[in-house]
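Novice: As they're listed, the protein sequences go chains A and B.
Note that the UniProt record's numbering gives residue 130 to position 130 of the first sequence, counting from 1, and the numbers run on in steps of one.
Note that the UniProt record's numbering gives residue 161 to position 161 of the second sequence, counting from 1, and the numbers run on in steps of one.
These are calculated hints, taken from the structure and not from any lab test.
Copies of the same chain look alike in the list, so a pair counts if it fits in one copy or across any two.
In silico DMTMM-like links for lysine to aspartate or glutamate, alpha-carbon gap of 20 Å or less: (1) K183 x D197; (2) K113 x E101; (3) K192 x E137; (4) K182 x E131; (5) K113 x E135; (6) K5 x D30; (7) K113 x E132; (8) K64 x E160; (9) K5 x D60; (10) K92 x E59; (11) K139 x E101; (12) K64 x E153; (13) K92 x D60.
Protein chains: 2
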Amino acid sequence: MAPLKVYGNVFSTATQRVFACLHEKNLDYDFVNVDLSTEEHKQPPYLARNPFGLVPAFEDGDLKLFESRAITLHVSYAYQANGTPLMAEDKKMPIQSVWMEVEAHQFEPTTGKLVWEVVFKPMLGMTTDDEEVVESEKKLEEVLEVYEARLKESKYLGGECFTLADLHHLPNIQCLFGTPVKKHFEARPHVKAWCEDIMARPAWVKVIQKLSV
Amino acid sequence: MAPLKVYGNVFSTATQRVFACLHEKNLDYDFVNVDLSTEEHKQPPYLARNPFGLVPAFEDGDLKLFESRAITLHVSYAYQANGTPLMAEDKKMPIQSVWMEVEAHQFEPTTGKLVWEVVFKPMLGMTTDDEEVVESEKKLEEVLEVYEARLKESKYLGGECFTLADLHHLPNIQCLFGTPVKKHFEARPHVKAWCEDIMARPAWVKVIQKLSV
Numbered sequence: 001m002a003p004l005k006v007y008g009n010v011f012s013t014a015t016q017r018v019f020a021c022l023h024e025k026n027l028d029y030d031f032v033n034v035d036l037s038t039e040e041h042k043q044p045p046y047l048a049r050n051p052f053g054l055v056p057a058f059e060d061g062d063l064k065l066f067e068s069r070a071i072t073l074h075v076s077y078a079y080q081a082n083g084t085p086l087m088a089e090d091k092k093m094p095i096q097s098v099w100m101e102v103e104a105h106q107f108e109p110t111t112g113k114l115v116w117e118v119v120f121k122p123m124l125g126m127t128t129d130d131e132e133v134v135e136s137e138k139k140l141e142e143v144l145e146v147y148e149a150r151l152k153e154s155k156y157l158g159g160e161c162f163t164l165a166d167l168h169h170l171p172n173i174q175c176l177f178g179t180p181v182k183k184h185f186e187a188r189p190h191v192k193a194w195c196e197d198i199m200a201r202p203a204w205v206k207v208i209q210k211l212s213v
Numbered sequence: 001m002a003p004l005k006v007y008g009n010v011f012s013t014a015t016q017r018v019f020a021c022l023h024e025k026n027l028d029y030d031f032v033n034v035d036l037s038t039e040e041h042k043q044p045p046y047l048a049r050n051p052f053g054l055v056p057a058f059e060d061g062d063l064k065l066f067e068s069r070a071i072t073l074h075v076s077y078a079y080q081a082n083g084t085p086l087m088a089e090d091k092k093m094p095i096q097s098v099w100m101e102v103e104a105h106q107f108e109p110t111t112g113k114l115v116w117e118v119v120f121k122p123m124l125g126m127t128t129d130d131e132e133v134v135e136s137e138k139k140l141e142e143v144l145e146v147y148e149a150r151l152k153e154s155k156y157l158g159g160e161c162f163t164l165a166d167l168h169h170l171p172n173i174q175c176l177f178g179t180p181v182k183k184h185f186e187a188r189p190h191v192k193a194w195c196e197d198i199m200a201r202p203a204w205v206k207v208i209q210k211l212s213v
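All chains, full assembly: derive it from the sequences and hints.
Specialist: Right, here's the structure in full:
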């Protein structure tokens, strides 16, 4: 069997989302670095893998995929028997789906902007737009209020078990915990406990170790 | 059996997404209008249905859902035997998933901004931000270039059959076809043919008829 292949960059939060899933599933994979500094992701060979020129891309034998959440969904279904079950049982899937959509349409747009402004811009020598940060932090607080209420009701977003609905949040949370934005997560006890719980998962710890080598 | 219930607004594109799915499935449902003009969606009774205060929300017996794409996913799986099969067969699901994610992360952010600027702002007596329109149209052209290439390869985004991956695009396409933004879709022959094909579906025609009563 051809090995699974991840094309991406270890600093890309979307690539990290795929790593997290593969580690939860105890799956071996080859990693092919895409050099963002030389715009390798905007050149034809990579564009054939992802026509939008974004990392990551993925290969499972003949199947070629892109979009991190489509990749994690495929891995979770195709390797159901491996490692952590990342999908709720059928009856509980609709609720997991709701929170996967909330991540995509509420959490990601807000935290994605913050990650760009307070993590990547300083790293790239660019100037943070303070107004954008204030506005995004306000929006983040509203989103986290809803999360706090949800996590009072159930240990994880989808229910009592860790699923993809939680996993998809990990890269942006990890990034923001290294910045002052962390305070908004820590101010809400159930959100704080959930963040600490999911960031301590052995699979995620392994993903983080990749960043320091 | 308690009837399916949609809580929303006929002018909301997200509500229309759910209508489109229910009509494709030939399912009866009750519609409960949420009065956006009096901010009914920001009051406690509605917030209990969707804590983010957005339409639509949905009920299927005891199951209460929100987020339009989580609702269409539930309906497509739970009522698999009804009407149009909106999910590809298992082996082809990963590719459908990719294009569902593309809609969510590439198409919706761009066309959602345009719908706001060129459809809803004028309707509400607000001033369109021309700079925002120019920028979003540029981004839309890039996105549609990728769609054109994809639709040269296969009749629909997920493959040879109409699925949720196509359906999720309908409300924003319909809105923008009533504006000058339409030209970007019409300039690309495969995109144009796809738009005309999916907008002519009897289920979608029924959704549009709701707007004129």
